[in-house]
Amino acid sequence: MFTRFEEYAAASMLGEADSPPRLDGKLFFSNRWERDVFGLALSLSKAGCFEWEDFRQSLIAAIARWEATECGTQPRWDYYERFLEALLDVVEASGVLSANELAEVMIARRPAGHVAHPNSSSLEH
Amino acid sequence: MTDLFQFDKDREASSAAKVRALEALLIEKGVLGSDSVDAVLQHFETMAGPFNGAKIVARAWVDPDYKKRLVADTPKAIAELDLPVGMAGAEGEHMAAVANDEDVHNLIICTLCSCYPWPVLGLPPYWYKDPVFRARGVREPRAVLREFGIAVPETKEVKVWDSSAQIRWFVVPERPANTEGFSEEQLASLVTPESMMGVALVAAPAP
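So the protein sequences, as listed, match chains W and Z. FYI, the numbering for the first sequence is 1 to 125, going by the working numbering. FYI, the numbering for the second sequence is 1 to 207, going by the working numbering.
None of these hints come from the bench; they were simulated from the model. Quick caveat: nothing in here was measured; it's all calculated off a predicted structure. Fair warning: there could be bad hints in the mix.
Claimed, not checked - SDA-like cross-link-like pairs, simulated, lysine to any residue; straight-line CA separation at most 25 Å:
id	chain 1	residue 1	chain 2	residue 2
1	Z	159	Z	101
2	W	26	Z	207
3	Z	29	W	26
To be verified - Sample of chain W residues lacking proximity to chain Z, with all beta carbon distances greater than 10 Å (derived):
id	residue
4	61
5	64
6	65
Said to hold, decoys possible - Just a sample of chain W residues kept apart from chain Z, beta carbon distances all over 10 Å, derived:
id	residue
7	54
8	66
9	78
10	99
Built from N, CA and C at the ideal position, the CB exists for glycine as well.
Produce the complete structure using the sequences and hints provided.
Here's what the structure looks like:
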């Protein structure tokens, strides 16, 4: 039975600065990776890798960094981009993955044939 | 436009690739199982949401005896339906239904924090946790309901139900007009999360 944790996790973000997008009472994901990153954060916290509150604080900090970015270089608002940034921060801080392993994740790109845009967001790791 | 603001055109693909790499690495290291993420998300997508509450309400509309049982013993009545396990309340907290009728309009609220019948209504809206809504909902529910677009006549009683960690209330709204002959499925499609919170009525379909 895992209803309690999900409820706690989702409700703890309710109405706060880090509230997830919601549509008709359900979480709203536009892309598959948004769903996956949300599920990864929940799964890792449930597995005891970090406290959910630590993740929440990391998310609040990631959103605050975006808000503090100057207009000219501020990337388009994207809740799940900040969510991913917060998750990578907390994964690093909790030691779930080593620095080398995280570096592998950071350089992951779409399949060959596509070149990343040179002006990567300043908020991306 | 994108050049001016230096938007990263590849950002979506880059984020997707990072998430895939992160998940693959965590599975490879044995931190997560290959189905951990899907199992967690399945809950939000198929098990807990307002679609459950809508089915319960639709059954109560077509079966007056079920409605009586639902109000008398909500977890037991919910268990009669073919809904996912855990709908009647996880780990001890109970859900309780209150029915609107010609004499009473019900409103649910949580004055302490944001207790909510999550398995049947899904995630609550952002304003449910707002201190002003919580305070005014108790002090002047009719005024709050007017702001939501419901003018409750003075002859009708307004009851406010305060959810807690022990009891989480939800509302069985009144069945709208022009729904004679509707199937349970058709009826359920009319029920909104807000109507099950008591801040909206179920709109009648066009005749």
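So, going through the hints one by one against the coordinates:
{"no.": "1", "hint": "159(Z) - 101(Z)", "result": "holds (12 Å)"}
{"no.": "2", "hint": "26(W) - 207(Z)", "result": "violated (30 Å)"}
{"no.": "3", "hint": "29(Z) - 26(W)", "result": "violated (32 Å)"}
{"no.": "4", "hint": "61", "result": "holds (18 Å)"}
{"no.": "5", "hint": "64", "result": "holds (18 Å)"}
{"no.": "6", "hint": "65", "result": "holds (16 Å)"}
{"no.": "7", "hint": "54", "result": "holds (16 Å)"}
{"no.": "8", "hint": "66", "result": "holds (13 Å)"}
{"no.": "9", "hint": "78", "result": "violated (8 Å)"}
{"no.": "10", "hint": "99", "result": "holds (13 Å)"}
Hints 2, 3 and 9, counting from the list given before, are not met by this structure.
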